[in-house]
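Asks: Next come the chains, spelled out residue by residue.
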Amino acid sequence: MEAILPQLLLAAWLLPLLSFVLILLAGTRMGKGGRGAGYLATAAIGVSCLLSIIALVGWLVHHPLGGHGGHSEILTGDWYTLAQFESLRFSVGYYVDSLTLGMFVMVTFIAFWIHIYSFGYMHEELDDVRDPLVTAADGGNLIRPGRFHRFYQYLSLFCFSMLGLVVANNLFMVFAFWELVGICSYFLIGFYVERPSATLAGNKAFIVNRVGDFGMIVGLATFLFACGTLHYATPQTASQHHQGLFAIVKEATSEYQGKSNGAPSHEGSSTIPGHGKVGDNSGSAITNKSQKNDKLTPVLLTLAGLALFCGCIGKSAQFPLHVWLPDAMEGPTPVSALIHAATMVAAGVYLVARIYPLLTAEALLVVALVGTVTLFLAATMAVAATDIKRVLAYSTISQLGYMMLGLGVGGWVAGLFHLFTHAFFKALLFLGAGSVIHACGTNEMPSMGGLGRKMPWTAATMLVGCLAISGAGIPLLIGLSGYYSKDAILAQTFLFHRTNPLFGWMFYVALGVAGITAFYMFRLWFLVFWGEPRDEQVAHHVHESPRTMVAALVVLAVLSVISGWSVPGTSWGITSLLEQSRVTPATEMGTLQTVTALRIPEEHASHEPTIHAWVSGLAFLAALLGFAIATLFYAIRWLDPEDVRQQFKGIWELLVHRWYFDQIYEAVFVRNVLRLAAIAAWIDRNIIDWLADHAALAVRGLSQWDDWIDRTFVDGAVNALAAGIYDIGIRLRRWQVGRIRVYIMWIVIGIVALFIIGTIYLGIGANISRG
Amino acid sequence: MLLADILSPITVTHYLVVGVILFVCGIVCLVVKRNIIAMLIGVELILNGANINLVAFSSPSLFPSGRAPLVLDGQVFALFVMILAAAEAAVALAIALQFYSRFGTVDVDQGGQLSG
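So the sequences go chain by chain: F and S.
Quick note: the first sequence, position 193, residue 192 per numbering that gives the first Met the number 0, numbers continuous.
Quick note: the second sequence, position 46, residue 45 per numbering that gives the first Met the number 0, numbers continuous.
This is chain S alone, in the form it adopts within the complex (with noise of 0.2 Å):
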């Protein structure tokens, strides 16, 4: 990538590549992770991700006409996703202190009482 490119005014590409790299990042937490706080992290980092691709979709460029009505649905989007995660993270976290109370760990590894 030429470091003019990376000069260049930031446009909504980039914000995408942000979301992607969060959202990637988010993921991998998830995946790698045994430790259950771990992955309620990656969680939010995916939710974070997705927040972005819903902020950067509502940009005023994008319209054809290229002036910026007040259009604000990715960012009322992004609101809600962020009271979800609110609430998500409520949820989890009970699931979490369950998880640990009866296995006595958070290694999410231990819970696999219902594999086939």
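Chain F with its partners taken away, still in its complex shape (with noise of 0.2 Å):
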């Protein structure tokens, strides 16, 4: 199995890439309206869903679950190596453990169920589309054709690209797909490229992007410079030289750890001058070690780690890039399930999950923060959104904060566990806005109510993935999936509270934001399904979606159920199975931490049942305030969502604006930076285009005096010979009578003349008539 395991997920990871490829180039052919492509890339990520459950079955038989980790067991290795310059390799690797396949069946399997739901939700695209939010030049709606096989096209090559950047070994690899995911993300958010807020929206995905990206290449540059490498391990086939980040960075720390303490340690011991370094066999190799070790300082480590960080800022929506997601909504709604709710964005957090042996505590704690302000900001502003979608992706927001939140205090488990929950009822809720937008042609939730009579499937499944997003549950017995992974985020915040308590309030703000989510995914569900329709137009052609979309509702309304428990009679779930490949933050005691005082709880702490009960109770509590709250107001409107608004006026303003946080991006930021492009635009135009038009008149001119010189005395030249040659030929053809007896009597007279010549002037005659 360990021999076929890289081959398998090498398939299942390149058999997306085939089938955007093919349909690349042969979309357009593939069926009537393309219709083939879809089946095709459908085909491509169930097979890749097949070979990575395969992959993960194989897995368990070597590795089985059980037992609290720490002994975490991988398969690395490379597939193609890129480049090599001595010791420094790029190259195309696997990196496996069991988070590397547990995000592989994930992915594949969402992708899988969202291509046959976009069957449904796409099928417009089949014939010429009206658009009816677009204006053509005729005043009319712009019909234009349909692009179903281009948006399968994109669909195939995210997939290709998100494995890859799950599979990847080495940090390089790792930004390359970070980036192919975040041109998907760029074609599927332009997905309607006419519509001007689509494009817009596109690019500013892209270009908030790139900020946190320049902290990532700013990240990776460090690592290179300091560890000389960006392979997260040791290849197990290499040799001292070839060390991974992680052997490196846990080297230096425990070696600081050594230092700090007064006393060498063993690892340590080759930077004190004249220590154990004489007779040492493999004295190079130590030297080279320690060098590379003095360049990587605990600040270093820190501040490189949160430079990666600001990457997964930017990838995952955090304060304060997280302007870019709502906007993303501008997309396709499948393309919003899958990529902007349920794995790309959700690729920030595996980041930090993959780099958590190069983060100090220090990096951790910012990584809380930003988790915790970008928590509660994101469900804020969702309390205040009307559109569906928006709802949803400022929730995607604030449930990426509390998973950010849950890695930063220390819960590696817990931060990814969600990670997988929220995948599942992330992906249900965006899929069941789907079929409302699908049903009503519209995103506006007023205009919605009382859909739930016409569309009980999605009205079902949307409530499965309103308590799951809620975290429902009955205390410390059995919950749906967000019971679970919350708990677990809240409980280990719980216990950072504890050992830090200057950082307790951040348990407090992600504790009520459990009741924030409750209020604001229950508002949304009442809204649309609840009571009477708020809108006659909207509501009268109201259907169920097609099977392929319910389908795909059902399943991911079980998953979100079910994904958060153990197979019955054992612990095997997804928590065992992220056990397994548990890894530990950079600093266990580094140099700052000492300053600092901070100190990361263990994990498994949170599990005690004092905590976890009193936690557990908490959050529900907080929910079922929130839900109550939610049912006063929209449910049996006890309460007029309209008074309290009238009560709260500035505090609505502020959400309403998403905090201004817009507004002020464009006063600071792109006002600025398109003055700085007008005034570059100006110079370009007036002087560098100036001095490239006279340069060029300037060439012209010297080219025509180049021509005249040319046709006048070259040619003229040229044209003088040729003529002359011809009048000599015209005149010597007089001479050529064609009459060969003239020709004879010619060479007669000449022979006689030559004679006479001879004979007088050179005297040949004269000898013979003397002989």
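Worth double-checking, as some hints may not be accurate.
[As the list claims (entries may be wrong)] Not everything, but these chain F residues come out facing chain S in the computed CB check (under 8 Å):
1) Arg209
2) Gly737
3) Arg738
4) Ile739
5) Ile743
6) Met744
7) Val747
To be clear, the hints were calculated from the coordinates, so they are not data collected in a lab.
Virtual Cβ for every residue (Gly too), placed ideally from N, Cα, C.
Assembly of the complex is requested from the two constituent chains, each provided in isolation within its own frame, with the hints serving as guidance.
Replies: Following this line, the structure appears as structure tokens:
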């Protein structure tokens, strides 16, 4: 199994690429309107999913679940080496542990169902499409050819990129696929390219991500400089010279630990002069290592980790780069579900989890802080939003904040567990929203209402999704997936609160936002499905969605319920799967850490019943409160939202305008950048263009002059020569009479003349006459 | 020219005179005749004039010793020229035949296509 596992993953990874290439080359010819492209892409991702599941099962056979980890087992190696500069190597390789396999299965599974769902949702694209949101030049709506195949083409490319990002064994490869998922996101946000809002949103997503990726590049460069490699792990075949990042960082931190303790540890001995170096037969290797370690100071390590985290902030839409995700909802809803909820935005969280051994306690604190701020801000924005997809987008940002918080406070498994459960229920919620939008033709919740009777399946599955994200469950007994994962994060945060009282407020914020989450989710559900239709025009043509869409909804709903559970009778579940590949953060005891006295609590401690039950109960109460308020406002209408809105007008305005982030960015960055661009354009147009134009004019003048010389002198000489020869020829032709007798006569005359001349002037004949 | 001169023994000069006469006859024939066959005859005359020259110059009386060693250069040359003449006649007659079949005449003045 170990031998074929990489091949299995390689196949699972490259199948979507194959599908992408085929559709790219022949998409328009694949059946009517490109329907075949959909089948191809779905088949590719389906097979990918199967292969991933086989790989996971194969892995589990050899590495049985159970037991608390710390002994992370990995399988790593290279498929292809791109370049090798002495010890520096760039390669395409795999880093397989249970997290990788879990991500593979999750991504391919959700992607598969979203491919199926899209057959229903995108069926309009099979024919010519009349876009109601775009006005053509003649005043009517724009009519354009359908782009069914292109949708699936991008989905395939996305799946390939996402899987590449997951399977990567080095940060360089991660970065490449990181950008690829970014470009897929850009393509798909701007799928309705004729709508100005869609293109703007695409640009915004791309540019905001660039800001984060800049930090990521800095992080990559720093690690390259300090460690001389970007590979996570030491390759299983390599020598000491090719250590992986994890090993180098671990060594470096333990070295500093030794230094700060005052006693040289075994590893640290070589850095102290004159100690343990003489007679060491591997001296060169150690010197080499110690040089590297000298570069990797705790401060540098912290900063490099944070620089990498910048990329995660951009990709996972964390504060302050969260502004792109709500606008990204311009894309088709299946895309929002797959890319902007379940998988791509979770890539940031995934990367943080991957580089966990590189993050110091201080870096993790920043991660946690960013997560806390994000989860709070986004949740409050969701309360005031009226666009159904935007509510879900804010909710996504908020939940990603939870994951970051979980990771930041030491809950490696908790954060990733939430990533998995969130992927299922958020994909479900988005697909449900897509189903609603498909039926209503609008995104605005105020003009919906009472759809529950007409769309029972959608309403029921959405309800499951809402319950899951709110963390519904019977405390301590059983619950939906969100109940487990959110509780795990909250419990870990509570533990962090205990060890670091200074940051205790993070727990209360997270707890409060759990209530807000329940509130806005049920606000959404009640507004859409409850009560009476508020807009007859919208309501009267509402119908349940096609079977492909409902099937995906049901499957994801089931998974939203059960993905938090473990297999009955055992402790096998997503948590135990993740537990297997658990890693610890970089510094157990760094120098900085002793200054700030930051302690990342051990995660297992949060499983203690005293903590867990306590937190679980609190979270349940918070969610119940949120649910109750939502019910009061929107279900039984005991309170009128309008009144409250008037009462707290200031806060309401703030929330509707999303804390004025867009306006602030507009004023601070966008406008200044545009001004700078205008200046640059002016310089370009008036100075650089002037120079170029006049240089061109000068060259033209010169060449005209040159042309005159050429025509007059050079051509003149050649023409004169030709004319002269022609003239001579004309004269000579008179002699060519064409009568052979005349020629002979001339010959004779010539000979006689030569003879006479010879006789007279040279005396040739004289000899003869004398002889 | 005196009779005595005529009756004096025949010398090389006499041969040369005959050769010149033949040669000039040939040239004149070549220049004056328009008939291609006649021109060929003129060419033969020229060649024979030259032959006589060659033979005459191999005369033993031209050697300073006055003796006649068996040196047959002139005669051999003359034989070569005859062979050459035969070959030339064959080619020239073929040309003449072609000329006739193309122009329907043996008048060389009719073949003036290449005149300037």
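Asks: When the structure is checked against the list of hints, which entries are broken? Sort them ascending.
Replies: 1
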